[in-house]
Amino acid sequence: MTSVLYDTPGPRAKRRNVLFSVVFTVLLALLLWWVWQKMDEKDQLTSALWKPFTESEAWTTYLLPGLENTLKAAALSMVIALPLGAVFGIARLSDHRWVRAVSGTVVEFFRAIPVLLLMLFANEFYARSTDVSSEDRPLYAVVTGLVLYNASVLAEVVRAGILSLPKGQTEAAYAIGLRKGQTMTSILLPQAVTAMLPAIVSQLVVIVKDTALGGVMLGFPELLNSRGTLAANYANVIPSFIVVAVMFIVLNFILTSFASWLERYLRRSKRSTGAVLGVDKVDDLNAAEVGGTYGTGAGGSI
Amino acid sequence: MFDFLDGYDVLGAFWMTVKLTALSAVGSLVWGTLLAAMRVSPVPLMRGFGTVYVNVVRNIPLTVIILFSSLGLADVFGVTMGSDDFKVQGFRLAVLSLIGYTAAFVCEAIRSGINTVPLGQAEAARAIGLSFSQTLTLIVLPQAFRSVIGPLANVLIALTKNTTVAAAIGVAEAAYLMKTMIENEAQTLLIGAVFAFGFVVLTLPTGLILGWLSKRLAVKR
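As you go down the protein sequences, you meet chains A and B in turn. For the first sequence, this note's numbering begins at 2 and goes up steadily by one. For the second sequence, this note's numbering begins at 5 and goes up steadily by one.
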């Protein structure tokens, strides 16, 4: 029994399933055959176009430096956005109304605006108001855009994590005489971040994907951008797209797998009570408030 | 104060954003529902196809997909989308890419909705003799759809923001116009504020209305 929807198939259902399988296979095969035909027709299957990828030059000159820049921008953005997100997430739970209002407005504002606009704006801003060299500017702009957007998403993640903790945690902390700040930093925040760790890791996938925007719109030499240089050199548009797409898929698949392994590990682990107590509720909160950061990949941001 | 807007069709650009969003939303809802139906179907091959599609598409940046539609599909394969006009072509390719990408997220949202329907509901449906399609259309999907309005609203908001990526292939929507404007005009901050405001106006009501609707329609359990 694998699904809510159907019973273990009987003889008639089995026949029908076989029929469906056959029809579906034929349709799929037709589609693949059409793609293959089309590629053959446009000479995209000739080995000369694929050969560069078997030699080291294409990798060392174009793809690996591109990948390095992608990872660099993603890592920088994550490292800056996480503490910033934690600060804003906590500020939204503040006892003072004006702190709540200000941080709430900031978070909602940056969540409503496309990352691309933030990057374009940051790029122009750095060009006019600062003396960042034009070489470094794309990286700065990409990281700024990603930090502003992802810090506000992470703020919601952290807030949901703190709200999901049992109320007794705060009460116990007050009972042993901790102050508000101490309760937050040594009791609530460590538990919330642990419980939210899978959601935070899968936010990395969104960041990695978003760096590609900087490659096209700002000339940041990341993976997608170096694909352009590579294709201009070897005249292999389709193969280069396929290779780069596969690289992105593998990279993000590793991140996703790591996130779900982490989630299973935290669920099992007996050492950190917060994670065990919180995780179920955190999933609900995630789906409801953060746009299913974990479930649907941050509500499908780019 | 707002003289810099003269000579630029800001409303036209936002109208393009709205058109991209609306067409892609309808398309991805249809294709996403089909994918979700495949992922829960009793036929293993269809389930496999759905799983592979969702996992592959979700992990590719939208930018790669949209750029491929222009440089790969149109330039190399000659897929013209029924128009010789470069602008119309770009628009249709962008819609096609957005549908293909967003459908993966719609599929996951609907599938999670199906998972929220208690097992007993389907068992009861089968016990009174309903078939697979009757169980799906009369019992499970109505409950599932009502519980996924919230997640679908998030997908719609993300889609609205994702339409800006179409600027990468020269579709004249909001982000494209903003890029042109901040390069030519001096008031960087004001231009940024105008476009930011435009997107807040587009996404905020969507979230509020659908959020209210999802609370109202949620199946109380």
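No lab work stands behind these hints, which were simulated from the structure alone. Computed from a prediction, not measured in an experiment: that's the story for all the values here. Hints are not guaranteed to be accurate.
Label pairs and their calculated CB-CB ranges [unchecked claim]:
(1) B:E189 to A:E172: 54 to 60 angstroms
(2) B:G215 to A:E172: 26 to 32 angstroms
(3) B:L221 to A:D137: 49 to 55 angstroms
(4) B:T120 to A:R17: 26 to 32 angstroms
(5) B:E187 to A:S258: 39 to 45 angstroms
(6) B:G86 to A:D137: 42 to 48 angstroms
In silico DSSO-like links for lysine-lysine, alpha-carbon gap of 27 angstroms or less [to be verified]:
(7) A:K181 to A:K168
(8) A:K39 to B:K91
(9) A:K168 to B:K224
(10) A:K43 to B:K23
(11) B:K91 to B:K23
Sample of chain B residues with no beta-carbon within 12 angstroms of chain A, all distances over it, derived [stated by the list, open to error]:
(12) S45
(13) V83
(14) T210
(15) K224
Every residue, glycine too, gets a C-beta built ideally from N, C-alpha and C.
Output the numbers, in ascending order, of every earlier hint that fails for this structure. Per hint list: 10, 12, 13, 14 violated.
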